[in-house]
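For the record, the sequence lines run as chains F and S. Residue numbers for the first sequence follow this note's numbering, so the first one is 130 and each next one is one higher. Residue numbers for the second sequence follow this note's numbering, so the first one is 106 and each next one is one higher.
Hints are all accurate, no fakes.
On the chain S side, residues computed to face chain F include the following (Cβ under 7 angstroms): (1) Asn-303; (2) Val-304; (3) Arg-311; (4) Ala-315; (5) Asp-318; (6) His-329.
Using C-beta positions, here's what the derived DEER-type ranges look like: (7) Asn-282/F x Pro-134/S: 39 to 49 angstroms; (8) Leu-439/S x Asp-153/F: 53 to 63 angstroms; (9) Val-452/S x Gln-320/F: 38 to 48 angstroms.
Calculated from the structure, these hints are not laboratory results. C-beta: ideal position from N, C-alpha, C; glycine also.
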Amino acid sequence: MSPSPLLTVSNVSLMFGGVRALNDVSLEVQPGEITALIGPNGAGKSSLLNCISGLYRPTQGSIQFHSARGSQEITTTPTHQIAALGIARTFQTPALYPGLSTLDNILTARHIHMRQGLLSGLLYVGPARREEEAHRARAEEILGFLDLKHLANTPAGALSYGHRKQVDLGRALALEPELLLVDEPMAGLHQEERETLTRYLLELHFGRKVPIILVEHDIQLVMEIADHVVVLDFGSKIADGPAEEVQRDAAVIAAYLGEETH
Amino acid sequence: MSAQRLSEWWPLALAFVGFVLLPALDLLPTELLRLLASIGTTAISVMGLNLLLGYTGQVSLGQAAFVMVGAYTSAILARETGLSFWLSMPLAGLAAGLVGLLFGLPSLRVRGFYLAMATLAAQFIIPWVIKAPEKLATLVGWLTLGLVHPTWDSTLTGGATGLQVPAPVLFGSTLDSTRAEYLTVLAVVVVAFLFQRNVVRTRTGRALVAIRDNERAAEVLGIHPYTYKLQAFFLCALYAGIAGALQAHFRRSISPDAFTLASSIEQLGMLVVGGAGYLAGPLFGVSLFRLMQDIIVRVTPTLREIVPRLLPFVAQTDVDTSFRPLIFGLTLMLFLIYQPLGMAHGVRQLAARWRARVPSR
Ligand SMILES: Nc1ncnc2c1ncn2[C@@H]1O[C@H](COP(=O)(O)OP(=O)(O)O)[C@@H](O)[C@H]1O
Ligand SMILES: [Mg+2]
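Bound-form chain S, shown alone (with noise of 0.2 angstroms):
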């Protein structure tokens, strides 16, 4: 009993000591830390978008959008009213995942492709907004007829400049050192991830898989896809939204062009890769994809002196601009032929036939 207990703890105990005490106690590198850092903010959207496209089964081309307004919202809480970090990234939680719940109000009548279109609008709109805020203001007037008079214009959003945002505060401390932000990006992930775990395991998790897996066999259980689909919407925004807030603060400064289309398409392949629907397919996603781009990172200086050389039509430039592109199209297509489900899944397939090798205890 004992040894079986100890078996099960210690990949946790080593996880702790590796993810937790080293970083804390300084002992590793620090581009180490800024690169799980980086890989861990990213992984909480991805988490959220896994509960909406893996468990619901609905997709979403606005992500990154959804980060947007997450980054401002937060920035802009902190700037204009001094509020603490650890209640304007909430905050910008919550904001997202309303303004995700707007956009994912379309799932209610059209699916598939055609609901990607509509979400798609929100990449559109979001910077747009941002961009002009004055022109929401104009609208919000109109809209409740004279009543409400917004004063926001682009000193709000910084325009199309975008915005410095203050570090956070933690007992008087600012956290601007990469170990700080690694910790408590590591402290957010972990919460996430959690949360994630126990939606997924109990009556709402049930209620998604059902509506992603059979729609019409849900409704006859009493499961009302619409209300579902929209809360999948809605936590799929406010992860993104978290995730916002801890890149708005940690990199200082935000600019409304870092909130891409290909970013939300980034996601969405990172998702598919680290396997949808598998509660470790974000992180093994975003790892993989993030430990992509800082070798391809390395290695480009070398290709771009070899490559031209050996094909000659290649230009210097197109190795700067066409590698990266190249190896993730070739990576997902090579995942969705060759496993299609995703890097969870086959991990998962080699711990059943590992365990089917070694007799059981």
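Just chain F, same shape as in the assembly (with noise of 0.2 angstroms):
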């Protein structure tokens, strides 16, 4: 395909007992570009996100990042490198630590961009005092740019539904991330809300040029910001390109599209 993807899956199966979640999976994700990802509940979708992310190993096939800082194999790299490499991600219920502040939820994205360790941390003078700083007022920028500034000292614990799906994807946009996958953003929420996530991606997208993988069920709002389409069902992928072209695949419209129009 194209020369220089970002990343590439290849071949990727994934088993559980005798449950085959994924099977067989490849695909190119390219850089600047929102790589959707659809199908049927159970196809495969978030165990393909957790497989990037490094929270599921894939029994078989392997996973290239290609960063600005070189390629490189992340089938079994643990799940904290990954995240330090710039892979970072959205749960599809989000996963945000009840117990720190919003504020604090999205500072804690900037911990690989942070040097202090525990002794600076300790004393807190001097470098560590400044870097606190420098990286609270990114955090306060972040929350600016979804609008949640006004719940920065809420515990993320208190926050609505919305709020935390939003708060999680703050919290992923904090780590700057050289490619970031979103899970389901918008299940489970208003009109209104979804209206206002989709502005916050597509500004990230046109804004930041930060490529996308994107899990979602809204097909129409899927063939509008998509690039590139990858369908999959029983794990296994059905069609894969330019977003014109598999809406008009007869497989899609029968596992899927079909489904999805009541």
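Hints in hand, dock the two standalone chains.
So this is what it looks like as structure tokens:
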């Protein structure tokens, strides 16, 4: 395909006991593009994101990440190191730290960009304090971008579902990812919240050129914003191509679109 | 602006007068100072436990054993090398921290109940080693294939009897008064508290809470859980070690039977009642338990006369042995039912309600 993909998934299979969650899936993610991952429930979309972010280990196949710092196989790289390479994600059900404030949730994502350790943290003077303040400012900026400034000091556990989804996204952004994985950002949101979140995603994409793998059920939204669409069904890839092309594909319509147009 | 400054500063000024000025001028009763010093010493250890359990969500049943490591390290350093208390105390913290790190290793694999069981090992192994250090010496000899032959024996640790410990010396004067003990403990408590606060508020602390609240989501942000769990075990035991050194040099004697599993469990109880995961939790919890203990000691003589007369099946010795655990157990139960997040949480709720009632400035 294209000469320099950002991420290459090659022949990945994932077994859970007898269940084949992913079956020989290959795909490429191009820099600067939104790649949509669609398919019915249980098709293996979340499993694929989990493989990329290191939470699941593929039973077979490999995953390569080609960052600005060079190409690297990440199939068995520990999760925290994958994050340090610049792959951030959100969760289908937002997985925040309920005991931390909204701002601190975002700040936690600055972890890989900060240097202070245990000792400098204990003393909290000079460089440690300056570092902390600089990153706090960055986190506040992100809260501003998501219009969440008024909730900065609210414990994440007390946020509404919609806000939690937004903070989950904000946290992934704060990592300043080279690749962003977003798992069903709209699920469970009201129309208004959906529109807001769509605006953020588009702003992200056009403003900051963050490449995104987007898992989303809202087929209309997907066709509007995705450059590239990959369709999974029962763990296998059944279609892969530019959005308009995939939309015309008969297999997709049978497996997915038909089911979705109630 | 200046009025606001003032309203922020007066509690601090009041605390200074009450906790520093009055005691320094010898205007408070010795008994009270002794109580406060005991609260402070225990609170330091419980602050360590707070970093581990309250902020990182890892359990340890070995805190008393880590206090023991600190107490013996500082005592032995002072006795064998004549090292100043002001150096042996931090070294004791460091030694305890490293031992804590070792016993924290199981946290890499197991959690919850199983981790508690694994840390319980500290509570058996450490007193055993301290009572019979020659066994450890033999082990070190084996492990180093005979290259190192430590000559440790029970004269080093005092075996089952324990050790006498010299009092700290500051600028040539021996700190053997209750007032000196109180002021020293207070200074260490303040530093320990500030360190606790700094850790919790910054990068390390956020990583600890992230692991506590959602370990997978922590990893996904680049936080390595093992590294931070071990740091938490290190800090937890370091605080215990500092508390142990204070205890050894001001109580002036240590014995291997004083660092029991019951003490480890009691510290956990104090933390839960005070509020795990709240900066003030340890101070609240330890204060409540120590005050209760004080009251219990005072009323027990009366009770042991009255209760057996009212309830004939209760003997006087039953009152002596059971009254304290009964009250402590009951307190813990009541808190777990009615205020499971502890006193610090309750205070915070009250403060929030108060602020909501009074129109803001
Ligand atoms: N941790 C797991 N353990 C066992 N089975 C799993 C696990 N995660 C996913 N699966 C199974 O893998 C399949 C794909 O699930 P998932 O990736 O969540 O689908 P999707 O996100 O497309 O709805 C399902 O059959 C699901 O039950
Ligand atoms: Mg899913």
